[in-house]
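Visitor: Please build the complete structure, drawing on both the sequences and the hints.
Protein chains in written order, with this note's numbering: chain A, 81 to 473; chain B, 61 to 352.
Hints should not be assumed to be uniformly reliable.
[Said to hold, decoys possible] Capping the alpha-carbon separation at 20 angstroms, the derived lysine to aspartate or glutamate pairs in DMTMM-like fashion look like this: (1) B:LYS224 to A:GLU439; (2) B:LYS214 to A:GLU439; (3) A:LYS175 to A:ASP213; (4) A:LYS435 to B:GLU218; (5) A:LYS188 to B:GLU196.
Don't read these hints as lab results, they were simulated from the structure. In this text, all values refer to a predicted model and were calculated from it rather than measured experimentally.
One-letter residues, chain by chain:
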Amino acid sequence: MRSAAREALVAPSIFPHEAGSMRALADFTIEPAQGGDGGVLRFSGPMVVSSLGLVDRRLRAVNEAISEIDVRDVERMDTVGAWIVWRLSQQLDAKIVNCRDEADRLIKAISETDENRENIRAPRLPLIQRVPDEVGKLVIAIAVGFLQVVGFLGQAISAMGTIVRHPRRFRGLALVHQMELVGVNALGIVGLMSFLVGVVIAQQGAVQLQQFGAEIYTINLVGRLTLRELGILMTAIMVAGRSGSAFSAQLGTMKLTEEVDAMRTIGVSPTEALVLPRILATMIMLPLLGLYSSVLGIIGGAFLGSVSLGIPFLTFLSRIQEVVPIHDVWVGLVKGPVFGLIVALAGCYQGMQVKTNAEEVGTRTTSAVVLAIFTVIVLDAFFAVFFTKIGWG
Amino acid sequence: MDHSEARLADMPEEFEGDYPIRVRGLVNRFDDHVIHEGLDLDVKRGEIIGVVGGSGTGKSVLMRSIIGLQIPAEGSIEVLGRSITDARDDEDIDIRSQWGILFQGGALFSTLTVAENVEVPLREFYPEISEELRHEIARYKVLLSGLPANATSKYPAELSGGMKKRAGLARALALDPELLFLDEPTAGLDPIGAAAFDNLIRGLQETLGLTVFLITHDLDTLYEICDRVAVLADRKVIAVGTIPELLALDHPWIQEYFNGPRGRAAKDAQDREAASVVQATQDAATSPMEQE
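Guide: Below you can see the structure in the form of structure tokens.
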């Protein structure tokens, strides 16, 4: 598992803690062998974690025959020092001599941990196996994910059925609260965005249409485009970014803190209490927000028309009524609940899938938003073809 | 040598005083809610001090104040001779390499394996340590904290609650600190696991000469391993001492705490153990005579 949070902690520090005056370092000398015995390796200075980093590199290069490790001149020792002395004595088959009581105790404690030298790294396959392995896992995950989304939708629908049979279990307050979060609180940003997009469409459209002397068709362009396509599409994207991500992060965190499990044990169905209000709220609010967005888009177009095209504001609005067929409004409104379902479903599904850690909440939230926006755009294309075919062109 | 010696960070000199933790006149409040008011506490070098108190008396807040996570409203705190309360930002607290902290839930980094968790402080403070040595250190620390060797490559999500605590302890011990802070180390462990954890802490404390600041509700832990106990009540430390000393005091909360059914059970358990030790030594002393 490679991830940013992980890299932040295991990557070497570019700016290690500020360098200052020297700290005392451990050192060692080697007395060469005399007669039949091996040499003596003599440590000096403090043997603690802060003093051993450099000397350890040199110790690993020692290849003389050593029969005794002398620690008489060691001022202080901690477990890292004890570990190094112990490791060296095992590796060189040498005896530890002149050891003080406390150091002896440490070395004994360390030696007890040194029974099995298993690899502490997580096992990792070689690259040539890892790539197909990962690809295979990904393909299976996509297929399983698709089935699970369908299953999740089924759960939500069956929970809906339960609610219809037992209306008292319906969480009205939660629904209203979610409607406020998804819809009412989004009014400002959706309105501003739509107004500006309306201005841009009118301005760019007018520039092109002027070449045919057909600026008056700017009104048709703005009216039909915002009501049919842009209003609902941009709103769905905005709601996916605002609320779909929030659903995923909320539910994911609740999963991590076992709140969802606690709920289940109390007899509250998480699908009924958490998922359903969010899905319903989004399905109700998205068409409304979409219509609101279209209206603001038209107002933006009318504003530009009155400022730079010489079409009076109210004339622009009344022309809209004449040139935009009523089925354009229905096209926009029909798509609303469908897009709402997709956005909320993606957010809730991804949130409920969180199992392991904080990082997963982040990646799940990202895929909830990406998946929602992608599906919304693909479906929008299908809708465009469909409505043209049935004569609502 | 690829690491120039100038890269080595300056280390604060070894602490020589008798009281590694000194708290004077500590005041902590959240809005209008006063947690501590004029709290004083001295922790002696090389002791295990247990901190007890009812829920909400601010045991964890006290620990967070001492380690600089909570900025107190008033008062002064000295740790290893350095003032924590005068530190203006995190960089000023340069004794972090000399303390280790075990948080209640372990607070392991969830994206790293147990061994990598232990290596984080080593990387941070001693970049000159080679990767090889760092792995070796992580491995023996994990084993020292009582986990099996195969736990080193596991992620925190794969560990049980007790194993998380041990892994957290291994990380707290990563830098061979002088001071160890433990927030309810035995809470949530089964009695056998809790007793083993107590022994582990006592053993490590004796071998490494640690000073341990231990928050607990576990009366067995208090009787078994604490040298002294500090009692938090009425926004202060109302008493510090050994358990017999505390029992001699006439404070209703202390009496209820230690003489309640659980307190008596813990005391009985310790008495039995002491008696069996005495019995065993007597047996050992008398048996050779009988043989003769």
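Visitor: So, for every hint listed, does it hold in this structure?
Guide: Hint-by-hint comparison with the structure:
no.	hint	in the structure
1	B:LYS224 to A:GLU439	holds (18 angstroms)
2	B:LYS214 to A:GLU439	holds (16 angstroms)
3	A:LYS175 to A:ASP213	violated (48 angstroms)
4	A:LYS435 to B:GLU218	holds (11 angstroms)
5	A:LYS188 to B:GLU196	holds (16 angstroms)
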